[in-house]
Structures are given as C-alpha cells and as structure tokens.
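S.K.: Chain by chain, the residues run as shown.
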Amino acid sequence: MFQARIFVTLKDGVLDPQGAAVKTALTSLGYERVADVRVGKYIVLSLGHSNREEAEKEVREMCERLLANPVIENYFFELQEVSS
Amino acid sequence: MFQARIFVTLKDGVLDPQGAAVKTALTSLGYERVADVRVGKYIVLSLGHSNREEAEKEVREMCERLLANPVIENYFFELQEVSS
Amino acid sequence: MRFGIVVFPGSNCDMDCYHVIDQVLGHPVSYIWHQEKDLTGFDCIILPGGFSYGDYLRSGAIARFSPVMEAVAEFAAKGGLVLGICNGFQILLEAGLLPGAMMRNNCLQFRCQDVYLKVETNETPFTNIYRAGEVIRMPIAHGEGNYYAAPEALAELEENGQVVFRYCTPGGEVTTEANPNGSCNNIAGICNKERNVLGLMPHPERCAEEILGNTDGKKLFLSILSWWEGQRCEEVLGCG
Amino acid sequence: MAEQKPLWKEMGLTAEEYQRICELLGREPNYVETGMFAVLWSEHCAYKNSRPVLKLFPTSGPQVLQGPGENAGVVDIGDGQAVVFKIESHNHPSAIEPYQGAATGVGGIVRDIFAMGARPIAILNSLRFGTLESPRVRYLFGGVVSGIADYGNCLGIPTVGGEVYFHPSYNDNPLVNAMCVGLVEHDQIKRGRASGVGNPVMLVGAPTGRDGIHGATFASEELSEESEDRRPAVQVGDPFMEKLLIEACLEVIQTGCVVGIQDLGAAGLTSACAETAARAGTGIEIDVSLVPRREEGMTPYEVMLSESQERMLLIPEQGKEELVQQIFHKWGLNAVVIGRVTGDGIFRVKEGGNLVAEVPVKALTEEAPVYYRTPRVPEYYEKCRYWPVERLPVPEDFNKVLLTLLEHPTIASKEWVYRQYDHMVLINTVLRPGGDAAVLRIKGTKKGIGLTTDGNSRYCYLDPYLGGMIAVAEAARNLSCVGAKPLGLTDCLNFGNPEKPEIFWQFQEVVKGMSEACKVLEIPVVSGNVSFYNETEGVAVYPTPVVGMVGLLSDVTKYCSPGFKEPGDHIVLLGPLTGHLGASEYLAVIHGCEAGPVPEIDLLQEKAVQDCCRELINQGLVKSAHDCSEGGLAVALAECCIAGGIGANLELEIEGREDAFLFGEVQSRIVITCVPRHLEKVREVARSFGVPVRLLGRVGGKRLLIRDLRGRVLVDLVVKEMEEKWRGSLSKAMG
Ligand SMILES: Nc1ncnc2c1ncn2[C@@H]1O[C@H](COP(=O)(O)OP(=O)(O)O)[C@@H](O)[C@H]1O
Ligand SMILES: [Mg+2]
Chain A
1 MFQARIFVTL KDGVLDPQGA AVKTALTSLG YERVADVRVG KYIVLSLGHS
51 NREEAEKEVR EMCERLLANP VIENYFFELQ EVSS
Chain B
85 MFQARIFVTL KDGVLDPQGA AVKTALTSLG YERVADVRVG KYIVLSLGHS
135 NREEAEKEVR EMCERLLANP VIENYFFELQ EVSS
Chain C
169 MRFGIVVFPG SNCDMDCYHV IDQVLGHPVS YIWHQEKDLT GFDCIILPGG
219 FSYGDYLRSG AIARFSPVME AVAEFAAKGG LVLGICNGFQ ILLEAGLLPG
269 AMMRNNCLQF RCQDVYLKVE TNETPFTNIY RAGEVIRMPI AHGEGNYYAA
319 PEALAELEEN GQVVFRYCTP GGEVTTEANP NGSCNNIAGI CNKERNVLGL
369 MPHPERCAEE ILGNTDGKKL FLSILSWWEG QRCEEVLGCG
Chain D
409 MAEQKPLWKE MGLTAEEYQR ICELLGREPN YVETGMFAVL WSEHCAYKNS
459 RPVLKLFPTS GPQVLQGPGE NAGVVDIGDG QAVVFKIESH NHPSAIEPYQ
509 GAATGVGGIV RDIFAMGARP IAILNSLRFG TLESPRVRYL FGGVVSGIAD
559 YGNCLGIPTV GGEVYFHPSY NDNPLVNAMC VGLVEHDQIK RGRASGVGNP
609 VMLVGAPTGR DGIHGATFAS EELSEESEDR RPAVQVGDPF MEKLLIEACL
659 EVIQTGCVVG IQDLGAAGLT SACAETAARA GTGIEIDVSL VPRREEGMTP
709 YEVMLSESQE RMLLIPEQGK EELVQQIFHK WGLNAVVIGR VTGDGIFRVK
759 EGGNLVAEVP VKALTEEAPV YYRTPRVPEY YEKCRYWPVE RLPVPEDFNK
809 VLLTLLEHPT IASKEWVYRQ YDHMVLINTV LRPGGDAAVL RIKGTKKGIG
859 LTTDGNSRYC YLDPYLGGMI AVAEAARNLS CVGAKPLGLT DCLNFGNPEK
909 PEIFWQFQEV VKGMSEACKV LEIPVVSGNV SFYNETEGVA VYPTPVVGMV
959 GLLSDVTKYC SPGFKEPGDH IVLLGPLTGH LGASEYLAVI HGCEAGPVPE
1009 IDLLQEKAVQ DCCRELINQG LVKSAHDCSE GGLAVALAEC CIAGGIGANL
1059 ELEIEGREDA FLFGEVQSRI VITCVPRHLE KVREVARSFG VPVRLLGRVG
1109 GKRLLIRDLR GRVLVDLVVK EMEEKWRGSL SKAMG
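Protein chains in written order, with this note's numbering: chain A, 1 to 84; chain B, 85 to 168; chain C, 169 to 408; chain D, 409 to 1143.
Looking at chain A on its own, in the form it has when it is part of the complex (with noise of 0.2 Å):
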C-alpha cells in the first residue's frame, strides 16, 4: 500500500491572485520578511497498490489527466510506503 503526497502548483509566470492576497494579508499582520507566497493544492491519496512503479505510473497519469491541468499548473509528487 502507498501514499501518494501530490502537490499542484501554478506554473511560474501565472499570475497567482491568491498567493498575492495571501501576501498583502501576511504583511498587513506585521509579517514583513515574507517576500512571496504561492498557493497551491496538496492532495493525498491512499492507494492500495502493491508495486512502487505501478503506483508511480498511476499517480503520474492522474495528475496528467484530472489533478493538474498542463495549460496552468505544474505537479510533482512523493510515494511512500504504508503499511496497511
């Protein structure tokens, strides 16, 4: 069994309207050294896979197909092991 920890970021060079409010929030708190934020999903899935590269080439193709959408984001990922 694994976990897939998948993180879907806008691409750089897309305007992040969130992350710059997020931004004016954080420095309107006093939190000045906060030069940037970006904000971004973090999705975790629980998958009953028994082979890492089985698992990894699943998790790859939703992310290419549903969770992130090319024109916009970017994905990455991380696969560990769990125990049931």
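Since the hints were made in silico from the structure, they are not lab data.
Since this is a predicted model, take the numbers as computed values, not measurements.
Mixed in with the good hints there might be a few duds.
[Said to hold, decoys possible] Derived DSS-like pairs (lysine-lysine); straight-line CA-CA distance at most 25 Å:
1. LYS95(B) - LYS57(A)
2. LYS11(A) - LYS125(B)
3. LYS738(D) - LYS386(C)
4. LYS125(B) - LYS23(A)
5. LYS107(B) - LYS855(D)
6. LYS107(B) - LYS95(B)
7. LYS11(A) - LYS95(B)
8. LYS1140(D) - LYS23(A)
9. LYS41(A) - LYS107(B)
10. LYS920(D) - LYS386(C)
11. LYS920(D) - LYS791(D)
12. LYS57(A) - LYS125(B)
13. LYS141(B) - LYS23(A)
14. LYS1140(D) - LYS386(C)
Given the structure of chain A, go ahead and fit chains B, C and D with the ligands onto it with the hints provided.
M.R.: Just chains B, C and D with the ligands now, kept in the frame of chain A:
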C-alpha cells in the same frame, strides 16, 4: 533566506467534499485502487529571515493566525534554507 | 432547429436555457443526461452554467470526463454548433475544445452583476445579427472567469479573430476597470478556429426577455437561428 | 477526586427533566436514550421556553395552506400554486466557524423547503454583526457572506434579498438567519409524516459521520471559552451533494410514491424519526447498522445524534423502495431502507439484533417540558425612554450628517454583499437586490412575488412591543413599495438567555407587538424559528426579531422600484410629514446616543398607507416608491436619487428641529413619484384611503437640494458624491 512549505489539511473526521468528488471521478476513470482522497492546501512562502528558529516561530504563528483554520484544519510545515 | 442541453450533476442553468429556447424562441429542445453518448438529431448543443461536480478541484475538470463529452467533441468536429455558457465554457476549456484555462477571479470573490461587452466579431454563427463592435449588456455570475492562455496561444486567438466578446465600459472602451475578473485581454468569450464552438462567461439566457429588463442576450440565440436558416437554405436550395 | 457530573447533566438536562424522563419510561434511560431526550428536549428542538408565547401569533387566513408545525409554511398564490417559506437561524455555528456555519445554515433551510415538495426558488439572508473596526468582526462578516454565497450559488438558487445591520451588541455573537422560498403545486405538497404502518423508512443523501454531535444542545447554551473546545461540533457543508439531493427528492416526489419526507437537521436521525412519527401518530423502528457511514467504528449513539448535512428521511409507499433507489442512484446518491413505520407509537432503535433504545414517540416530543417564565421590566427601559434626547445640539451642517449616514455600514449599499450572491439564476428575478424588496416572476403566469426580510433591533431594545410591531409593519411596507400584497410571514426570534426575566420580557413584548401588527395588517405567521442564548460572557445581543415576508403581485409587469425616473416627475410623500428624534440611526451614529422613545406607529394608518401605495402602483399612477426607514426622509430621498442616477429639488414645511425632520424615523411613510398630470389623481386616491399626502418637490438635475419654506438650504449635495460614499463604504471597510 528560507523557504517554508506549508501543508494545510482538513482534520480527521471533518467532511472533505472535494476529496470525495475527486475520488469518485478517479474511480470512474478506472483508478479503482484509490482507496481515499483528501484535498488540502499547499502554501510556499519565501522568507527573508536569516535565523532558522525565528523563521520557524513566525511561520507557526502565520499558520495559526491566518493560513490554517484551527476549527477544521491541521497544518504542518517544512523549512528549508535557500540561497538568495 | 433542434437544441440539446446537457445536464451534468450540478448543472443549474439548464432549466434557464431550456426556458429561453422553448418559451422565448419556440424551438424544440431537450435535456441530455451526461451519460448519454448519442447526439444524433441535434443541431445545437448547449453546455449550461452551474457547478458541475461542485466545481471541486477545478471548475469543469471532472465534468469533461462525462461520457457525453466524447460525443460533444465528435459533434463539434462534424461542424455541429456547441455553445458553452459559464460553467459550460469552463468545461469546453478543460476538454480542450477551446484553448486556454480558467482561473479564479482576481478579486477572489464570486461576482454577480451586469457587465458590458464588445462584440468583437459578428462572423460567427452565434453573433451574426449583432453589429461588429456593438456594445451590449449581459449578466455574469462566476467565481472563476479569469481566462488565461499562454502568450503564443493568446496571440493566435487574436490573430484568427477568435475573441468574440470582450469586457468593456458602457462606452465600449476595453479597460482594466471594465474587467470583472482579470481575464487576459479582457476576454469574455472565444470561439474555435472553425467558429462552431463558442464559450463565454456571461449569461445570454439571463437577458432574453423584456420582463427581466434586458434582451441583449436574445440576439445571441436569434443569431444561431438565423445562421441555421442560412445553412438550410444553402443545403436545400443550393442558394447563398 | 473530582466528582463526575452525571451523564444527563453532562448532556444538558436538568435534574427535574431527568426525573420526568424516568417517570415517563418507568425506568432509567440508557445512554443512547438519555442522548435522545437531551437533544429533543433542548430549547432548540422543544421550544420549551417560547411555546406559550408563540401561541399569541395569528396563524390562520384564507390563503394559509399550512401554518406553523411543519417543515415550512405554505400560502396559496392562486392557479393551484403555492409558495412555501421559512426562516432559520445559524448563529452559534457561524460565531465559531463563519464560513461553514453560514453555509450549512443555508443548506438546512433549503432542505426544509424541498421537504415540503417545493422547488426552492429564492434565498434571503438577515445578518447582524458587530462593528467593522474589529478585525474579528470583519473576519466573521467576510466568512459568513462567502459561506452563504458559495452554498447558494452552487445550488443554483438565487439569493435575492436580505439585510445587514452593524451594532456592537453583536460583536462576539453575530446573527445569521437564512430564509428560503419555494414554489409548489397544491397537489404536490408533502408533509413530514411517517404514515402507513409497514411503510419503509429510508435514509437518503450523504453518508453519516461524526459531525456536530450535540449541535442542538450547543445552540441552546451561551457562548463561552468552553465553546471553543466544542469546535469539532462544526459541520462542513457539501452544496454539490445538496443539489443532487434536491433533484433526486423532487424527482421521487413527482412519481407520487412519497408518503412523508423530512430533512435531518438539528438532532439528526433522532429528531427526524421522532417528529415524523409524532405528526402521523405512529411509531417507528430503525436499525442503525443499516445507516451508511463515512467513518468507521461509530456507536449507535453517534449515529442517532450525528448532524451530518445533506441527508433526508423518506417514507415511500411499501413496495416502492426500488423505484426510489433507482432515482437516487441515477443522481449518484445513497438511498437505504433503515427501518419501517410501526403502529405502536414506540420509537425503537436496534443495532442488528440488539435493541439499543426504546422510547414512546410522544415522550420525546409532546411530553417535552414547557416553562412559563416570569418577565421583568429591565432597569434600562425607563431610563432610555425618558432620556432627554431633545437636549442634544442641532448640527450645523446637514450635508455632512447626510454623507456620514450614507456611509454608515448599516445604511450604506449592501452591494459588496449581494454581488457575491448569484441573484439571477432561475431567471425569475425581476427586481434585484438593492430595492425595498425583491420581485420574482412566476413563469407561465402573469404573477409575481415580492420577498423581504426586516427587523430593527434598536427599536426592540428600547421598546420591544413597538419594535415588534414595526418589524412586521416595515416588512409589509417594503412589499407594498414594490406593489406586492403581503400574504404571510415567517419569523426568526433572536434573543439572549430566556431564563433571565429581563430577556424573557423582551421576548414576550416583541411577540405581543408582532402579533398585534399581524392582526391589524392581516398577515398570518406561517412558520418561524427561535434562537435563544445569543449571549457572550453574560451579555445579550439586542433583541432581534427578523421578519421574512412574502407578497403577491397579480401582474408582475406593474412592479415598482425605488429609483427616481425622469426629470420633472413630482415627488410626493404618503404618510405624515413630521419629525421624531428618538431611537434613530441618526442619534446613534451622529450623537452616539441610543435612547429616546421609539417612533409611534398607528397600525390602521400604516395599513391605509400601504393599501394606498399598492393601489396607486396598480393603477399605474406611480413611477417609483421607497419607504423611509433608517436615516429618515433625507436618506430615503438620497437613495431614490442614487438609484435613479438623478437629482431632486424639494421644499419642506418644517416644524421644530430640522434634524428630527430630516433624519427622524417616523413610521408609515413612503416617498413616491408621479408624472405631473397624475398628481391630482394621486391626491384623490390617497384621500380616499384617508392617507396624508404632500407634494415635496420635483425630480431633476444632478444634486439633491432640500430647502425649507423660507428658502433656507438644508441639504445640497451632488448625487455622484453621495453615491460614492454610499456605494463604496462596505468595500472600503472590508479592504
Ligand atoms: N445580506 C443581504 N443579502 C442580499 N441583499 C441584501 C442584503 N442586505 C441588503 N440587501 C439588499 O439591499 C436592500 C436595501 O437594504 P436595507 O437598506 O437594509 O433595506 P430596507 O431598509 O429597505 O429593509 C435590501 O432590500 C436588499 O435588497
Ligand atoms: Mg426599505
């Protein structure tokens, strides 16, 4: 300079409609070994701090005050030194 | 002319489109459940507004995998008219039937209000009875209408005259202030190269009756009918 | 060792109540049973402190098809059609988690409406917050509004109206009341009744999790430090699930096989089963092991008390189980038989083969305790009433006063709020938010309905009896201004702790005042909700009755809006042209004083003014109409100018203080306009209703110019400038 990678997730037991919808979608796409999906937030902060402890303390504060909603969410983060 | 309105789980402007076609235009129309795979007999397919699958993850992301979408792609490839309104536009983008992607409004809030639009081209089946450059008023209601396309893609859209509607001031100026969501080049609606697929964020079905105080949207539907009449005329009589 | 609190006390029951339960059962209740009694006998479910007082409301009328007691009230609008509506509070959850609290509040009230078989066609929201200077209040306000927006928008039900007031008494305890309106054919009206012994009991919609266990008891307590620890009680809403649930339920109802249907709200399965059986006079037996779960290892107790959202209880005819399941599966939803209707009046809960609870239905419902509290007039009452407001100085610069009032969040435009709500979906919205009331057309007919919510809590604090009257009168007046005849009302009564005699007094007086107004104006109460314990650290919110009202326009094309229309139109006041200082927003904002007598209201006069206004609209004599409320005549005139984008020129005959005249909140007044040639006719109609009528001036120009009869300029402001202050205020405050 540091980079903080913050992960905000719904507390266990709190309904995650997004996760449920994504799981249904993945299942109907044929990924039947996906047992569970949780969707959270992934926030990356670029920090101007030079001191790790200080950075850590401030990130924790930002999470509690703004970035996570303690009523329904948990958070954790990783701090990494980066060259400017 | 026969219209079909696709119903995804979470569609909510399906009934509104139905009403306009049935009661205002008086044309045959039926709902198409998202599991349907056969679109024969339809002349125009509408993907209505709403929140398909709750718009969880990204708007339109899950709906594009509905069985009906394959049929819609085929239908479009054969030249059938496809109109995506609001969530329908988002689904068309996710499905790759139109280029680009939709992001959250730059104000980070849902916006429901009237906007002014410049009809950039009347050379489409959806806009042929508007004047090119005409300024019209239409309601929007969305949280993710911030249209994005990479610079090359955007240039291509502009070059091909695929930008159909742009947010503007009541006087017709295309300004940042007139843009309710931060979309690239103030884009409110685009069509494909072949011009038979249109996606737009504003809701023409919400301004097609006198009692609602605005009929600017009715012309979009009338354009479709007039284009259809023209087509049929060509087919049947070989005229045109 | 610290003494362990007994279980029943832990769950919020009193010693006497527990005693009574033992008597009713003839034994001690077990753990699950104690929990069931605790929630059903909570204030939230049992109305134990309010029931005797609520009896004062008139609830009948020829148009009433269903009064209080069901999931929502129903009134006839002709042609075999009816409107279904109800308002409900979600104050406590919203104070803890504003976004989800408000969202689930909308979800809950919408379920009440389609539980009656009606398609929901509109949502309204009545909100009260503290002052926007506080970051916490801004967080609450922002969160509540986006929670309402996201939920309603996703459902595709337009949020067409509401109100927002800001006052320090709500700093820690905001009020979030949501109202839903549905449309139904008479023969499709459903009720929450578990009738027909042997009929299956089905649970449909979302699976059950550990959400909000004991939410009902939570809503029946004051907020304190400890409330924070109860945070896991907060539920998360899933509007997508609810949308599917609406469509599936309405589709099943269409088939005609539904005997009873009930939403699962506070106290979840326990209350849904008990209430449906009680209404039908039957019993019910369910097996918790059949309930679809979201989490593992849930105990029967947790399943029975879970307040997971987006679930309904359905009682179809025997043999129709598969039909129901087919429809629900099509929409991707669960529909599971969990039990059946019995004839023995017992609510029996099993887990597989084991009996886990067995209680007479009536013991849970009808036998719930009723408390007759004794009222006491609070000390502040006399003091505030006789406070010499007339000694306050008259300001020099009325322009400045007017601009300050227009910019005050309570009076300023609420566009920042309602532009986040989809208020047009379903394409019925003829008059959008921002007017006195929303107007919706009824497709396929000539008819329209008007919708509004109202309630001025300062009046209710200073004089609850008058305040209650005015709340009803103002709601009706708002409807009359758009041309709709009031049909019925729903109320949400938000008060502090009713065990305190002063609070109970406020409550009782408000209800008396409302009842009196309902009788005279002939508007029955058809549904409602009470929210007590709106207190923080022992301090109560202002007594806040919210009136939600529905009216009928027989010809929707005749609706009227507040904005001035054309230069040259005459501006006419229906109702008295006098001044009054007490209890006004003006005193509070400009002088920091909340005191003085509340404006008197003569209900017969009120009725005449409203009847007259509607008659004028009906005859097509009126081009605009707007009532005078917070900020008085001057603010009303400014709003008419802003809405119309045009100025006005007026000459007023003023006696006494100018400020009382310009900004005082005298009741029963409507500003209308008409073309000059209709003026005589307008006068004639007004006279025939016995309504004072006075020509104030003319529409035109770019400024609002108000002079007295001697020609002295009192107000002279450019409309654009007023508009900027008024429209920009909330966005500015919210950043
Ligand atoms: N929370 C809200 N949601 C939707 N509409 C609102 C809200 N608050 C105010 N409005 C709109 O603004 C109008 C004016 O508000 P308000 O000044 O409080 O009205 P009134 O004093 O006539 O009751 C309301 O009738 C309503 O249409
Ligand atoms: Mg009003």
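S.K.: Is LYS11(A) close enough to LYS95(B), meaning Cα to Cα at most 25 Å?
M.R.: 29 Å, violated
S.K.: Given the hinted pair LYS41(A) and LYS107(B), is their alpha-carbon gap at most 25 Å?
M.R.: 15 Å, holds
S.K.: Hey, LYS141(B) versus LYS23(A), does the alpha-carbon distance stay inside 25 Å?
M.R.: Between LYS141(B) and LYS23(A) the Cα gap is close to 18 Å, so the pair holds against 25 Å.
S.K.: Starting from LYS107(B), check that the Cα of LYS95(B) is at most 25 Å away, please.
M.R.: Holds, because 18 Å separates the two Cα atoms, which is no more than 25 Å.
S.K.: Would the hint linking LYS95(B) and LYS57(A) be met if the CA-CA limit is 25 Å?
M.R.: Violated, at about 29 Å.
S.K.: Regarding the pair LYS738(D) and LYS386(C), is the alpha-carbon distance no greater than 25 Å?
M.R.: 33 Å, violated
S.K.: CA of LYS920(D) to CA of LYS386(C), is that 25 Å or under?
M.R.: 51 Å, violated
S.K.: Is the straight-line distance between the alpha-carbon of LYS1140(D) and that of LYS386(C) 25 Å or less?
M.R.: Judged against 25 Å, a Cα distance of about 37 Å means the pair is violated.
S.K.: Taking 25 Å as the top limit, are the C-alpha atoms of LYS57(A) and LYS125(B) close enough?
M.R.: 24 Å, holds
S.K.: Straight-line Cα separation of LYS1140(D) and LYS23(A) no greater than 25 Å?
M.R.: With a Cα-Cα distance of about 19 Å, the restraint between LYS1140(D) and LYS23(A) holds, given a limit of 25 Å.
S.K.: When you check the alpha-carbon spacing of LYS125(B) and LYS23(A), does it fall within 25 Å?
M.R.: Holds, at about 15 Å.
S.K.: Decide if the proposed pair is consistent with the structure: LYS107(B) and LYS855(D), CA atoms, cutoff 25 Å inclusive.
M.R.: 45 Å, violated
When each numbered hint is compared with the structure, violations occur for hints 1, 3, 5, 7, 10 and 14.
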